[in-house]
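Participant: In case you want the letters, here they are:
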Amino acid sequence: MWARAVWLAFRSGLGGCQAFSTKANFQGSGPITVEVIEHLERLALVDFGSREAVARLEKAIAFADRLRAVDTDGVEPMESVLEDRCLYLRSDKVAEGNCAEELLQNSHQVVEEYFVAPPGNISLPTLGEQERTLPTQLSSYSGKGVSCEHMKAQ
Amino acid sequence: MLGRTLREVSVALKQGQITPTELCRKCLSVIQKTKFLNAYITVSYEVALKQAEESEKRYKKGQSLGELDGIPVAVKDNFSTAGIETTCASNMLKGYIPPFNATVVQKLLDQGAVLMGKTNLDEFAMGSGSTDGAFGPVKNPWSYSKQYREQRRLRSPGERRGADEDWLIAGGSSGGSAAAVAAATCFAALGSDTGGSTRNPAAHCGLVGFKPSYGLVSRYGLIPLVNSMDVPGILTRCVDDAATVLGVLAGHDPKDSTTVQDPVKPFVLPSLTDVSKLCVGIPKEYLVPELSSEVRSLWSKAAGLFESAGAKVIDVSLPHTSYSIVCYHVLCTSEVASNMARFDGLEYGHRCDINESTEAMYAATRREGFNDVVRGRILSGNFFLLKENYENYFIKAQKVRRLIANDFVNVFNSGVDVVLTPTTLSEAVPFLEFIKEDNRTRSAQDDIFTQAANMAGVPAVSVPAGLSPQGLPIGLQFIAPAFGDQKLLTVAKWFEKQIQFPVTQLQELTEDCPSGFENDNSASVFLKQC
Chain A
14 MWARAVWLAF
24 RSGLGGCQAF
34 STKANFQGSG
44 PITVEVIEHL
54 ERLALVDFGS
64 REAVARLEKA
74 IAFADRLRAV
84 DTDGVEPMES
94 VLEDRCLYLR
104 SDKVAEGNCA
114 EELLQNSHQV
124 VEEYFVAPPG
134 NISLPTLGEQ
144 ERTLPTQLSS
154 YSGKGVSCEH
164 MKAQ
Chain B
276 MLGRTLREVS
286 VALKQGQITP
296 TELCRKCLSV
306 IQKTKFLNAY
316 ITVSYEVALK
326 QAEESEKRYK
336 KGQSLGELDG
346 IPVAVKDNFS
356 TAGIETTCAS
366 NMLKGYIPPF
376 NATVVQKLLD
386 QGAVLMGKTN
396 LDEFAMGSGS
406 TDGAFGPVKN
416 PWSYSKQYRE
426 QRRLRSPGER
436 RGADEDWLIA
446 GGSSGGSAAA
456 VAAATCFAAL
466 GSDTGGSTRN
476 PAAHCGLVGF
486 KPSYGLVSRY
496 GLIPLVNSMD
506 VPGILTRCVD
516 DAATVLGVLA
526 GHDPKDSTTV
536 QDPVKPFVLP
546 SLTDVSKLCV
556 GIPKEYLVPE
566 LSSEVRSLWS
576 KAAGLFESAG
586 AKVIDVSLPH
596 TSYSIVCYHV
606 LCTSEVASNM
616 ARFDGLEYGH
626 RCDINESTEA
636 MYAATRREGF
646 NDVVRGRILS
656 GNFFLLKENY
666 ENYFIKAQKV
676 RRLIANDFVN
686 VFNSGVDVVL
696 TPTTLSEAVP
706 FLEFIKEDNR
716 TRSAQDDIFT
726 QAANMAGVPA
736 VSVPAGLSPQ
746 GLPIGLQFIA
756 PAFGDQKLLT
766 VAKWFEKQIQ
776 FPVTQLQELT
786 EDCPSGFEND
796 NSASVFLKQC
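Going down the list, the protein sequences come from chains A and B.
Sequential numbering of the first sequence, starting at 14, is according to our numbering.
Sequential numbering of the second sequence, starting at 276, is according to our numbering.
Keep in mind the hints are simulated off the structure, nothing from the lab.
Every clue listed holds true.
Straight-line distance between alpha carbons at most 30 Å, and here's what the computed DSSO-like set of lysine-lysine pairs gives:
#: 1; chain 1: A; residue 1: K72; chain 2: B; residue 2: K662
#: 2; chain 1: A; residue 1: K106; chain 2: B; residue 2: K530
#: 3; chain 1: A; residue 1: K72; chain 2: B; residue 2: K711
#: 4; chain 1: A; residue 1: K106; chain 2: B; residue 2: K540
#: 5; chain 1: B; residue 1: K559; chain 2: A; residue 2: K72
#: 6; chain 1: B; residue 1: K336; chain 2: B; residue 2: K301
#: 7; chain 1: A; residue 1: K72; chain 2: B; residue 2: K674
#: 8; chain 1: B; residue 1: K382; chain 2: A; residue 2: K106
Residues of chain A clear of chain B, computed beta-carbon distances all greater than 10 Å:
#: 9; residue: P44
#: 10; residue: V47
#: 11; residue: R64
#: 12; residue: D105
#: 13; residue: V107
#: 14; residue: G110
#: 15; residue: N111
#: 16; residue: V124
#: 17; residue: E125
#: 18; residue: E126
Derived CB-CB ranges, DEER-like:
#: 19; chain 1: B; residue 1: K325; chain 2: A; residue 2: E115; range: 17 to 25 Å
#: 20; chain 1: B; residue 1: K289; chain 2: A; residue 2: F128; range: 46 to 54 Å
#: 21; chain 1: A; residue 1: Y127; chain 2: B; residue 2: Q338; range: 44 to 52 Å
#: 22; chain 1: A; residue 1: D78; chain 2: B; residue 2: T548; range: 45 to 53 Å
#: 23; chain 1: B; residue 1: E440; chain 2: A; residue 2: Y127; range: 50 to 58 Å
#: 24; chain 1: A; residue 1: Y101; chain 2: B; residue 2: E663; range: 34 to 42 Å
Positions of the beta carbon are idealized from the N, C-alpha and C atoms, including for glycine.
All chains should be built: construct the whole structure from the sequences, respecting the hints.
Facilitator: As C-alpha cells, then:
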C-alpha cells in the first residue's frame, strides 16, 4: 500500500484534477488525466501502483499513435486470419463433464459446491476515498444490496 | 547419446542401444547438473521415470508407439499439464494444478514421450528475454561455452569478473524450453509463439524454432495471451525433428474451434537436392539500421548460398513492415486485457486475504499476482479498448493487420516460395545489458522480425545459421505461405544441411564431465567451439 500513500501525497500536493504527464510533447491524445487513470484502474481491476507505470502507459500510447500515419481507407478490420473459413461447431451432445469436485479443488474458498465470493455491489474505492478507513466506509453498505453473510468464508 | 537428434535416439531405443529408463535417468541427471541455468520451473521426476518404465515395457514387447516413444521432452509452463503444477511463471498461478492436459501435451504423451518437466518463461509469456518470470531469469547455456568465455577474457584482460556476472539471456519468452534443449536435458520442447517467442530463443540458443501456421495445431490448454496469434511452437536441434513433432501435434481438435478441419498426415521431409525451381524473397524493409553487422553478413551469405545453388533470389517488399510492431503492440495488449480478466482469485490461482468486497478482493489479488509487465499491458490494453479510443486504436490496428497480412499474400502470389529474413537483431546479449531497457521497449525491439508472421498467421522457422565472432549462435528465419509448413521445413532442411551447424558438440556437456560441473565459478559446461 505504500505506493498509494506516495501517490496520494503527490496528488494532494498538486490538488484537483492535475494531469499527470512526464512529457507534454507526444502527439495525439494528450497527457493522461486522473479520471482516465481511475477509470482504467476500475475497469482493469489492476492498479498503476507508481508514477513510472503511468509514464510507461504514456509511452505505450505515443508508440501506438504511430498507426495514424497508415492510410487505411476502405480497409476492413481483420479479426482472424482464418476469416475465410467456417468455425467448427460440434454437435450439441454432452461428451464430458461431471468434474465439479476436481474443479472445486483449485479454489481457496469453497462451501459445498459453491465458490465463495466476498460481498458484491460494492464499488472499488477511488483513490480519494481510500483516505478514509476501510471498515467505517463499508459498514454503511452492510444493509444494502446483495448480502452474502451466510457465504462468508469460515 | 544426449547430444544426438531425436530421430537418432529413437533409432537407438528401437535397436536396444539404450533403454528408455537409462535415457530418462541421464537426462534427469543433466537437469540436476544444469540447475544454474534455471531452465525448469518444475521437474517431474516421478512422472518421467514412470513414463520411461512404461515405454521400456512397450519396447521389450516390440510395441513401441512411434518415433517419440521414450523420448524425453519438456513443455513450457504455460501449457496445462494434469497433476503437474502450471504457473506461467507468475505468482497468480503458483500452486495451480490443472485438472486436464493441453491437447498438444496429451498428443505427446499418447505417443509415449517422457515429460521431463515444465520450463521457465517470461511471466505469462510476455517478454523477449525470459527474464521477467516469478522464478527468476533463464541463463543461456552458450554463456558457458569455452569460446565465449575465452573471447570475454581476451577483450577485457584486466577486468576481474565473477565467473557468472556476464551470463547471456536465453531469449524469450520460451527461453526455458530453448535452454532445456540446448543443454541436452531433452530432445524436443514445446514453446508458445505469439510474437516470436519460440523463434527468438531458438536463434539465441542455436536451435530450430518452428512456428506452425495458425490453425494447424491446437491451442486447447495453452494459457492464452493473444487468441488470434498464439500458436504452440516446437524447439528441436534439427529440422527433421521439428517435422517429426509437428506430425504428432498437427490436426483438427474438436476442443479448439480455431483449428482447421483439413485432414493432416504426418510427413517425412524430402531431402532437396535441386533448388533451381525455388524462389527466395529478401524483404528490403527488414534491412534496418539496428541490425548487427554479424547478422547482416550471415543473412547475405545465406542469400548467396541459395543463389549459387541455382535458386532464384529476389528483393521483395513488405511495405507495412515498419508499422507491424506498433500494430502488434496494440492488438496484443488489447487481447491481453481481455484474457487476463479471468484471473480473479475466485476459482483458481492466487487469492488475497481481503474479503470486504468482490472488487477489492479482485483488485488486490491481481496486484499481488501479476508483475509490472503484465499489469502494464493490461492497463494499456484497457486504454486502447475504451469507447473513445476503440476506433482510433483497436479497429485501426485491425485494419493495419489486414494490410500486413496482404503484404505477405502479395509477395507469395508473385511467385516467391519462401521469404528469408534475420530472426533477431543480434546475438544473445548479456543479462546486465538487456535489463537496461524495460520489457516493453525490449519486446518492441526484439520482436521486429518475428511478429509479422504471427499477425499474418503464416508459418515461420528459425534455423541456426552460424556463430558470431564471439562464438554465439545466430539464427535466420524462413517464412512461407499459410499452411505451407511442409514446404517451409523442406527448404529449412536444405539450408541446415548446407550450414552444418554443429550439433554433436553438445555431447561434451555430459559425457566428458560426468562428475558434474561446479555449479558456479568457472562452470565447466563446455560447448566445443566449431
